[in-house]
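**Q** Here is how the chains run, residue by residue.
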Amino acid sequence: MAKDAKSLNGTRRIKADVVIVGAGAGGGAAAAELAQRGLSVVMLEEGHRYRPREFPASYGWAINHLYAERGTRIVEGESYYPLPGGRGVGGSTLINSAICYRAPDAILDAWADAGLEGLAPERLAPIYDLVEATIGVTEMHPLQARANNLFIKRGSDALGLGGGFVHRNAPGCVGCGICYLGCPSGGKGSVDRNFIPLAEEHGTEVCADCKVARILVRDGRAVGVEARVVDQETSEEVGRLTVDADAVVLAAGTVGTPMLLLEQGLANRSDQVGRNLAIHPAVGTYGMVDDAINSWDGVPQAYAIPLEKGVLLQTYNAPPEVFFTTQPWSGADGMRKMRMLKNIAMCGGLVSDGSNGRVQLGRHGKAKVTYALSTRDRHRLIRALRGIVRVLYAAGATEVYPGIGDGVDWAKTESDALAPLTPDVEEREMNVYASHPMGTCRMGVDAARSVVAPSGETHDVPGLWIADASLMPSSLGVNPQMTVMSMAIHVARNLAAA
Amino acid sequence: MLPILGTRHVRSGENEEPKKLTRRQLLIRAAVASSALTFAGALVKFASYLKTPPGPGRTVLTAREEEILTAVLLAMFPGAHGMPRADVDAIVPKIDDHLAHSDPDARLLTRTVLHVIEEQAIVFQGGRFTNLDPAKQAEVIREWELTSVYVKKLAFRSLKLLCGMMYAEQPEARAAMGWYLGCAPSHLQHLGKASVGV
Ligand SMILES: Cc1cc2nc3c(=O)[nH]c(=O)nc-3n(C[C@H](O)[C@H](O)[C@H](O)COP(=O)(O)OP(=O)(O)OC[C@H]3O[C@@H](n4cnc5c(N)ncnc54)[C@H](O)[C@@H]3O)c2cc1C
Ligand code: SF4
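Quick note, the sequences are listed as chains A and B, same order.
All residue numbers for the first sequence refer to the working numbering, where the first residue is -18 and numbers rise by one.
All residue numbers for the second sequence refer to the working numbering, where the first residue is 100 and numbers rise by one.
By construction, these hints were calculated from the structure, which means they are not laboratory data.
Because the structure is a prediction, the values reported are computed rather than measured.
Treat the hints loosely; a few may be bogus.
Stated by the list, open to error - Residues of chain B clear of chain A, computed beta-carbon distances all greater than 10 Å:
hint: 1; residue: Gly154
hint: 2; residue: Val187
hint: 3; residue: Glu218
hint: 4; residue: Arg227
hint: 5; residue: Arg241
To be verified - Lysine-lysine pairs mimicking BS3-like chemistry, simulated, CA-CA at most 25 Å apart:
hint: 6; chain 1: B; residue 1: Lys252; chain 2: A; residue 2: Lys318
hint: 7; chain 1: A; residue 1: Lys347; chain 2: B; residue 2: Lys252
hint: 8; chain 1: A; residue 1: Lys318; chain 2: A; residue 2: Lys393
hint: 9; chain 1: B; residue 1: Lys193; chain 2: A; residue 2: Lys347
hint: 10; chain 1: B; residue 1: Lys235; chain 2: A; residue 2: Lys349
hint: 11; chain 1: B; residue 1: Lys235; chain 2: A; residue 2: Lys318
Stated by the list, open to error - If we take Cβ atoms under 10 Å as the criterion, some of the chain B residues that face chain A in the derived model are:
hint: 12; residue: Pro177
hint: 13; residue: Gly178
hint: 14; residue: Ala179
hint: 15; residue: Asp195
hint: 16; residue: Asp204
hint: 17; residue: Ile221
hint: 18; residue: Phe223
hint: 19; residue: Gln224
hint: 20; residue: Leu245
hint: 21; residue: Ser257
hint: 22; residue: Leu260
hint: 23; residue: Glu268
hint: 24; residue: Trp278
Quick reminder that beta carbons are idealized off the backbone N, C-alpha and C, glycines included.
Model the full structure from these sequences, guided by the hints.
**A** Pasting the structure below:
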């Protein structure tokens, strides 16, 4: 039975074989695997547990309830990028777009060559099969895609770029177009709809509204955690929960997991905790179309174009509030332009990056996340923008915002739109977005250069395991949720066997 | 540290020769410098607002800040071309509530931007923002939108996102933009009642 602040007030102490911190992609998959193998599992999640009908399709509500740090988490570098992350039972899968990829073989081969044989393509393939079956991955039906995706497809086809509809874990999708606000139809296979109920069927106890504040360590071994129980409506602490366990699994995400370790100085003899952050930096831009596109109608991200090695274009739709923040639309003229939102097509592009970022302890208990965009990746972002501009014109856009500049005048021709997109465009001139944080507690053989051993247990603290996106040894280049879940299952199997 | 000027960076190996400034460049630098000075001046003045208690019925915003925010909202979303004007009576309490649950840095940033908008208008428009006529207020907002001072642009964007977020949830604004839920246009009714704050 799921518990939350209402039922967990006061001071309590419980016992389990394994306590999992964080109920997102990694935590959910690990819980199901461990519980099915007969272990008693308690899962603690900082955010609340919602039913799909409770999602009010509101950006304001979502950032206050479903986004880490109420949507204010940013990456600091030469410029500042938003770094969204999910919060609640389901974690980032509550707000993700349900795009599903397996990691490219070349990446898994490189990891295996570095000593992580358990992650070799042939070893991970059956786990990916299991994940796909559990979260309901299917080929996207073009009817769910609707106008924005079909418009971008038209451009890709015209240029012969070899784009295609993505696979998604949204078997009951009805195309509400607001995956990032919580799926109100329940059609998305976020982990609160599959792995977590499966874990509960096998006895897992899920405690929502519980923010883990401390990992308990006795004689150098992790033996449990302490959590603050917080009422989500008032932000007040209403209780304390201690879980004693034989093993602690951290699945608090790429930012949350290193924060817990850094706060206590744990598992950091290598000084690698928080380092090696990759983010899949992304950019996006827009084109004006004569016919109504209604970009909000249908799946937000349904079509992808592999533009070049390391650059993947994907459709998206920005909610109106985000859209007008990136455009100088206010006053009477801004209101005129807002009426044209329905005629705007949108496409983005993400880049497989070097791992140049870091999570550190910041002020007010928040993370300080820094990142240095390399020249290679900046150039890839510029080429992504150039690719999008070409696709938009090939599809029939009449005017295009090249993705840089003040946005006052959109370019009327393709050559005008491409002209400013030269290799010397600065990072600050683009609206960069950190799409998928990975890798702050990377897995590796060498205890001096990694935080977690190939099994998933930390090199330094016996009984302390990690099962989330922070494990990734390098950037993936494709949307990571299936790889996070698969790696978490791999770790859970090692833990169960230990 | 926030970098203050949004000028292009010179990478090593590029344009390393010192160049003489043209008259235009000098003027631009003077303008940027004066804008930074005003910013600093407003910040000093702002310190006194930190001690002012929240206005009646508010948790964070002072009465003065509420007045500035109201003027900013109406300048951003004045109602035109079939779009409704910002429903300030509904939006201001929601922003206050949002800030009440935000971390201290986010609260401070929003409040500071409001004061700087108010005070900086004295230098560029000859009066406080709240005392300007709507046309001049629109000019001020436009200047903030298009500023090349990077930190100013970012600060303004964070305020604009907050204001835009609340405005876009006005059912009439969504209807005028033609926005609907792909799966259930009837949800528009429900949206009107959605609680934006916590
Ligand atoms: C907007 C968005 C869109 C995305 N779209 C896609 C997509 O389409 N396809 C794809 O493959 N990937 C996508 N991703 C990425 C994918 O969702 C993540 O990579 C994946 O969910 C990461 O899993 P995780 O377990 O590491 O962390 P999360 O899923 O983020 O889960 C971490 C959980 O831990 C909780 N937590 C943190 N600290 C504590 C603490 N101290 N105590 C208790 N709980 C804590 C958090 O509240 C959160 O619920 C998207 C991500 C975002 C943000
Ligand atoms: S498009 Fe709508 S129905 Fe489909 S998964 Fe996203 S939110 Fe759910």
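**Q** Each of the hints needs a verdict: does it hold here or not?
**A** How the hints compare with the structure:
The Cβ of Gly154 of chain B sits about 21 Å from the closest Cβ of chain A, beyond the 10 Å cut-off, so the non-interface label holds. With a least CB separation of 15 Å from chain A, Val187 of chain B remains clear of the 10 Å interface cut-off, as annotated. With a minimum CB-CB distance of about 20 Å to chain A, Glu218 of chain B clears the 10 Å threshold, and the non-interface call stands. With a minimum CB-CB distance of about 19 Å to chain A, Arg227 of chain B clears the 10 Å threshold, and the non-interface call stands.
For Arg241 of chain B, the condition that its CB be more than 10 Å from all CB atoms of chain A is violated, with the nearest at approximately 7 Å. Taken as a hint, the Lys252 of chain B and Lys318 of chain A pair is honoured in the structure, with Cα atoms around 20 Å apart against an allowance of 25 Å. Restraint check for Lys347 of chain A and Lys252 of chain B: the C-alpha separation of about 23 Å stays at or below 25 Å, so the hint holds. Taking the CA atoms of Lys318 of chain A and Lys393 of chain A, the gap is near 16 Å; set against the 25 Å cutoff, the hint holds.
Our distance criterion of 25 Å between C-alpha atoms is met by Lys193 of chain B and Lys347 of chain A, whose separation comes to about 24 Å. Taking the CA atoms of Lys235 of chain B and Lys349 of chain A, the gap is about 39 Å. The hint is violated against a cut of 25 Å. With a CA separation close to 20 Å, the supplied pair Lys235 of chain B and Lys318 of chain A stays within the 25 Å bound. With a cut of 10 Å, the hint placing Pro177 of chain B at the interface with chain A holds, because the nearest CB-to-CB distance is about 6 Å.
Taking 10 Å as the C-beta contact cut-off toward chain A, the hint placing Gly178 of chain B at the interface holds, the least distance being around 7 Å. Because the closest C-beta pair between Ala179 of chain B and chain A is about 4 Å apart, less than 10 Å, the hint holds. At its closest, the beta carbon of Asp195 of chain B sits 13 Å from a beta carbon of chain A; the interface hint therefore is violated under the 10 Å criterion. Using the Cβ-Cβ criterion of 10 Å, the hint placing Asp204 of chain B at the interface with chain A is satisfied: the shortest such distance is roughly 7 Å.
Annotation: interface hint on Ile221 of chain B violated; nearest CB of chain A at approximately 21 Å, more than 10 Å. Because the smallest distance between the Cβ of Phe223 of chain B and any Cβ of chain A comes to about 16 Å, over 10 Å, the interface hint for this residue is violated. For Gln224 of chain B, the shortest C-beta to C-beta distance to chain A is roughly 15 Å, which exceeds 10 Å, and the interface hint is violated. Proximity of Leu245 of chain B to chain A holds as hinted, the smallest CB-CB distance being about 5 Å (cut-off 10 Å).
Contact between Ser257 of chain B and chain A, as hinted, is supported at the beta carbon level, the nearest pair being about 8 Å apart and thus within 10 Å. Annotation: Leu260 of chain B was flagged as interfacial toward chain A, and the flag holds, the nearest CB pair being 4 Å apart, inside 10 Å. Because the closest C-beta pair between Glu268 of chain B and chain A is about 6 Å apart, less than 10 Å, the hint holds. This hint holds: Trp278 of chain B has a C-beta 6 Å from the nearest C-beta of chain A, less than the 10 Å allowed.
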